[in-house]
Amino acid sequence: MLSSAKDVYWGKKSKEVSTRRKKTASVFDRRALKDMKAGYERWLKEVYSPWVETAPELKAHFETASGVPLQPVYTPSDIASIAQSELALPGVFPYTRGVYPSMYRGRQWTMRMFSGFGTPEDTNKRLKLLLEHGETGLSVAFDMPTLYGYDADSEKAHGEVGRCGVNVSSLRDMEAIFDGIPLDKVSTSMTINAPAAVLTAMYAGVAKEKGLRLESLRGTVQADMLKEYIAQKEWVYPPEAHLRIVRDMMLYCTKHMPQWNYVSISGYHIREAGSSAVQELAFTLADGFGYVELGVEAGLDVDDFAPRLSFFFNSTMDFFEEIAKFRAARRIWATVLRERYGAKKARSLLLRFHTQTSGASLTWQQPYNNVVRTALEAMAAVLGGTQSLHTNSYDEAMALPTEHAVQVALRTQQIIAEETGATAVMDPLGGSYYVEWLTDELEAQAYRYFDRIERAGGILSAIKSGFLQREIAENAYRLSKRVESGEDVVVGVNKYTAKEGSPITTLKIDFKAQKRQVERVRKVRAERDAAKVRSALNRLTRAYDDPDANSMYPLMDAVSAYATLGEIVSAGRAVFGTYKEPQIL
Amino acid sequence: MRQRSAQEKRKIRVLVAKPGLDGHDRGVLVLARAFRDAGMEVIYIGLLPTPEEVARMAVDEDVDVVALSLLNGAHMTAFPQVKRLLDKYGGKDIIVTGGGIIPDEDKPRLLKLGISGLYGPGTSLEEIVGHIRERVRKERWAE
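Protein chains in written order, with this note's numbering: chain F, 1 to 585; chain A, 586 to 728.
Please note that a few of the clues may not be correct.
Stated by the list, open to error - In silico DSS-like pairs for lysine-lysine, Cα to Cα no more than 30 Å straight-line:
id : chain 1 : residue 1 : chain 2 : residue 2
1  : F       : K512      : A       : K697
2  : F       : K233      : F       : K508
3  : F       : K512      : A       : K596
4  : A       : K596      : F       : K481
5  : F       : K499      : A       : K596
6  : A       : K673      : F       : K499
7  : A       : K723      : F       : K156
8  : F       : K580      : A       : K673
9  : F       : K508      : F       : K523
10 : F       : K233      : F       : K580
11 : A       : K697      : F       : K515
12 : F       : K481      : A       : K692
13 : A       : K673      : F       : K156
14 : F       : K508      : A       : K723
15 : F       : K481      : A       : K723
16 : F       : K499      : A       : K697
17 : F       : K233      : F       : K515
18 : F       : K12       : F       : K37
19 : A       : K673      : F       : K515
Stated by the list, open to error - Which chain A residues stay away from chain F? Per the calculated CB distances, all over 12 Å, these:
id : residue
20 : R595
21 : V601
22 : V615
23 : G624
24 : D647
25 : K677
26 : S701
27 : R722
28 : A727
As the list claims (entries may be wrong) - Quick look at which bits of chain F chain A covers, simulated, 3 or more residues with Cβ under 8 Å:
id : stretch
29 : 148-159
30 : 360-372
31 : 447-453
32 : 575-585
Hints are computed from structural coordinates only; laboratory data are not their basis.
Ideal Cβ placement from N, Cα and C applies to all residues, glycine included.
Looking at chain F on its own, in the form it has when it is part of the complex (with noise of 0.2 Å):
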């Protein structure tokens, strides 16, 4: 998937999901299936239409977010090809109906609010108090600059410091966000993915100086670059660079760091910038076989790495097709790991996945309406069998949530989970002839986009020469222009409209956190001991230049003699040089 490989292994595996669907083998009995398909046809006939001739249904066509067209009703002969092992239960493969026997019963989903805001003293506040309030992992947003590999002081980052998350430009920085919290006692997310590799390095640096074992650490950074080329858009260096420290990322962590996540495979940015639900499936999955590969290809065993991958999903409105693409994401991901990449331990095969409610989803008009959406689409993602969960908050469509909106948002999830039963019995969707019916839909249509995805010459081409970015644009101008014609109904913008003004207040970021960031950065960079910090780089430096060296390790040096994100980025980019998207107009 990395680069074209020239079998027919995709094309197949589409082929097998429709004739599996034809087939008629399965959990049903033969007779009584025939019997189930004439009544319906029946009915379609003889109850059904007469009907909707004299009250005509509301729109021509019914179909799903992505376009899959829909009947009226779905009975066991859609799903008549169904075999067992296809609806194997909870905690075994394909592992369609959940990665472990018990779920919900078990242990809760991992309620993660994703936060962060200008300088670190404001965000190690807002942890602490996520942390009171019954969270029970922690998720920290950076900055553009932060996120870009600049420092505070930087000329780029002018106007951008600590806007819209916390701004790290030194170890100093994490020092601070991490201050009195117990490393080795929670997880932490951490949304960074271009210097991901930098910021693993702090992570590492701090929990040193708190004299805790790199074992013991948990956590995830994102790190994955290939949606960043695909979606998200922020990058450094060219995609092969990134690639490569992912790679020693990968080999360092599997090492050293055993419990920590160094890459989350993200189809949350793809579905943000405007792709359907089977593109977000498809395009995630094919990361991931991507990621797979650099593995396999730096010479580990897929055994000893694929338990450390895990995923990232959307959840948005089309409630029934989100939940089958979850469920279908995780068959694709257990079927394909064993059959094609010969993972043996069933930890390889487990797709494992955060869920965030969508941010595009949210409107500024009539906020409060979010409040409903995000319950919706977290239910979606908790029916789907997420393993961590961030809602977002009503008051995001304007600006970074108060602390109000987000106490709203982190309770919804707590609603779902104490109050509402679903999480009493797994899968509780699964045996739904219409969720099933999509399931095997949307893993179908997946399976095709892998196959075009090689033929375009493996996951690299398609994103130099911009066909992923294309697909998603246009499909994300469909949908604007859906919404624009009425046909997509997004209540308070299109329909039930109202003309008073935004009735909540939303929280502001002073220009102080720049102030104080330059200050300290600078700071940083008069204090400590230059000799040390120049020979780190210049070991860093010549590890980029080697691509058989891991550079994981000058990194760590470089980062705890108080080298700044920004240095260390810029001796990257000296080596690597940057990149230049394809024209995607």
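Let chain F serve as the given structure and place chain A on it in line with the hints.
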């Protein structure tokens, strides 16, 4: 600078850009397509240009409009900067519009600088296209 015939001038030329560290390009890519389908000539500068690069390209390409989008909260720095540089490089009469996540209290200052539109997510494409057409008709085509 490229000179255009009178007829050519009836086709609105728009430069769409995200000046700054912000890769969230869904909005600009959708707008670029909407402008194109509305019969405009669209130039997209690509990601991560500096305000300097945006202003220079706008002047070089002799556009009628620069349509800016930012979702990272840096609009109060980046938008005025683009406007200032346009003035400096001889693009004083180029129309500047903006959009993204722009809080109400920021709008008066931007409007005062002549940066209009300031649409948020969910604004109808027709409204944005209409706004651009109207400003061009009034400010660029008034003879």
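Hint check:
1. Restraint check: the Cα-Cα separation between F:K512 and A:K697 comes to about 25 Å, which is no more than 30 Å; the hinted pair holds.
2. Proximity of F:K233 to F:K508 is assessed by CA-CA distance (about 26 Å); at most 30 Å being required, the pair is judged to hold.
3. Restraint check: the Cα-Cα separation between F:K512 and A:K596 comes to about 45 Å, which exceeds 30 Å; the hinted pair is violated.
4. Restraint check for A:K596 and F:K481: satisfied, since their Cα atoms lie roughly 22 Å apart, inside the 30 Å limit.
5. Proximity of F:K499 to A:K596 is assessed by CA-CA distance (about 35 Å); at most 30 Å being required, the pair is judged violated.
6. A hinted pair counts as satisfied when its Cα atoms are at most 30 Å apart, and A:K673 with F:K499 does not qualify at roughly 40 Å.
7. For the proposed pair A:K723 and F:K156, the alpha carbon gap of about 36 Å is over 30 Å, so the pair is violated.
8. At roughly 27 Å between alpha-carbon atoms, F:K580 and A:K673 fall within 30 Å of each other, so this suggested pair holds.
9. Straight-line distance between C-alpha atoms of F:K508 and F:K523 comes to about 27 Å, which keeps the hinted pair within the 30 Å bound.
10. A threshold of 30 Å between alpha carbons decides the hint, and for F:K233 with F:K580 the separation of about 10 Å falls inside it, so the pair holds.
11. A hinted pair counts as satisfied when its Cα atoms are at most 30 Å apart, and A:K697 with F:K515 qualifies at roughly 27 Å.
12. For the suggested pair F:K481 and A:K692, the alpha carbons sit about 27 Å apart, so the restraint of at most 30 Å is met.
13. As the CA atoms of A:K673 and F:K156 are separated by approximately 20 Å, the hinted pair is consistent with the 30 Å bound.
14. As the CA atoms of F:K508 and A:K723 are separated by approximately 36 Å, the hinted pair breaks the 30 Å bound.
15. Of the pairs offered as hints, the one joining F:K481 and A:K723 holds, with about 27 Å between alpha carbons and a cut-off of 30 Å not exceeded.
16. A distance of roughly 25 Å separates the Cα atoms of F:K499 and A:K697; the hinted pair therefore holds under the 30 Å criterion.
17. Pair hint F:K233 plus F:K515 holds up; C-alpha atoms about 27 Å apart against a cutoff of 30 Å.
18. Restraint check for F:K12 and F:K37: satisfied, since their Cα atoms lie roughly 28 Å apart, inside the 30 Å limit.
19. Distance hint between A:K673 and F:K515 is fulfilled; the C-alpha atoms sit about 28 Å from each other, no more than 30 Å.
20. Taking the minimum C-beta to C-beta distance to chain F, about 22 Å, the non-interface status of A:R595 holds against the 12 Å cut.
21. For A:V601, the non-interface assignment is contradicted: its Cβ lies about 9 Å from the closest Cβ of chain F, within the 12 Å cut-off.
22. Not every beta carbon of chain F lies more than 12 Å from that of A:V615, the smallest distance being close to 5 Å; the non-interface claim is violated.
23. A cut-off of 12 Å between C-beta atoms confirms that A:G624 is not in contact with chain F; the least separation is 15 Å.
24. Remark: the non-interface label on A:D647 is consistent with the geometry, its nearest Cβ contact in chain F lying 19 Å away (cut-off 12 Å).
25. Every C-beta of chain F lies more than 12 Å from that of A:K677, the closest at about 23 Å, which supports listing it as non-interface.
26. Non-interface status of A:S701 relative to chain F is upheld: no Cβ of that chain comes within 12 Å, the nearest being about 18 Å off.
27. The claim that A:R722 is not at the interface with chain F holds, since no C-beta of that chain comes within 12 Å of its own (minimum 22 Å).
28. A cut-off of 12 Å between C-beta atoms confirms that A:A727 is not in contact with chain F; the least separation is 29 Å.
29. Look at the stretch 148-159 of chain F against chain A: 6 of its residues bring a Cβ nearer than 8 Å to a Cβ of that chain, three or more, so the hint holds.
30. Coverage of the stretch 360-372 of chain F by chain A holds. Counting CB-CB distances below 8 Å, 4 residues qualify, and the rule asks for three or more.
31. Proximity of the stretch 447-453 of chain F to chain A, defined as three or more residues with a beta carbon under 8 Å from a beta carbon of that chain, is not established by the 0 residues found.
32. Under a criterion of three residues with beta carbons nearer than 8 Å to beta carbons of chain A, the stated coverage of the stretch 575-585 of chain F is upheld, 5 such residues being counted.
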